[in-house]
Structure formats: structure tokens, C-alpha cells
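Under my numbering, read the sequence shown as residues 15 to 111, first letter to last.
There may be inaccurate statements among the hints.
Across the chosen pairs, the derived CB separations fall in these ranges [claimed, not checked]:
hint : residue 1 : residue 2 : range
1    : GLU33     : ARG108    : 15 to 25 Å
2    : ARG37     : ASP96     : 17 to 27 Å
3    : SER95     : GLU33     : 13 to 23 Å
I should point out that these hints are in silico values taken from the structure, not numbers from a laboratory. The beta-carbon is built from N, C-alpha and C at its ideal position, and this holds for glycine as well.
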Amino acid sequence: MQAASAERIEHLARSGGAELWRRIEPTDLGAIKRKLKAKHGNFTRAAQNLGISYTHFAHVLGGRLQVIWMVQRIQEDLELSDADVLRLWPLLRRWPR
Numbered sequence: 015m016q017a018a019s020a021e022r023i024e025h026l027a028r029s030g031g032a033e034l035w036r037r038i039e040p041t042d043l044g045a046i047k048r049k050l051k052a053k054h055g056n057f058t059r060a061a062q063n064l065g066i067s068y069t070h071f072a073h074v075l076g077g078r079l080q081v082i083w084m085v086q087r088i089q090e091d092l093e094l095s096d097a098d099v100l101r102l103w104p105l106l107r108r109w110p111r
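Let the sequences and hints guide you as you build the complete structure.
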């Protein structure tokens, strides 16, 4: 089911549904992944466009890595609010100390 959804998003992104990413609500990191795929076509291209290595990019999207400048680039790219970022990456509330 998820594969079909991912293929559909990639197809829409390539076929003129470029603004689809704006309609996806940032409810969780899965939604962020869908937004990035809709906007850039795939994660490799998204990582390249944002200037982040793919390995680090995947870890940030998985919630395993929380590097401020990487999260900030994703925030700017997807036009996320500060509240969205803090909800999606909650450890950023407590760091740095």
C-alpha cells in the first residue's frame, strides 16, 4: 500500500503536480518524507538540492539524527513553522544546553 502511494506521489511530482507538497500536512516524519518526495521526486535529489549527504539526510528524516542546520534546511525548503519542527524533532527543545 505504501509503495503504491509513494509511486503515485512521485508520478504526480513529475507530471505537473509540483504544488502537491504544499497540500500535505506535516503531521509526522512520514508526512515530511512524502512532502520531500512530492517536491523533489526522490530522497537522493532532495538531499542533493539541500546540500546534505544522503546518509545524514536519511537519519534526520528517521528521527535518529537531529542536527540543527540540516533540520533548518528542511524547514526552509518545506516552509515548516517553528512549532512544526519542534513537534517533529522534539529533542531540539532541550538542546543545546
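(Q) Hint compliance check: list the failing hint numbers for this structure, sorted ascending. (A) 1
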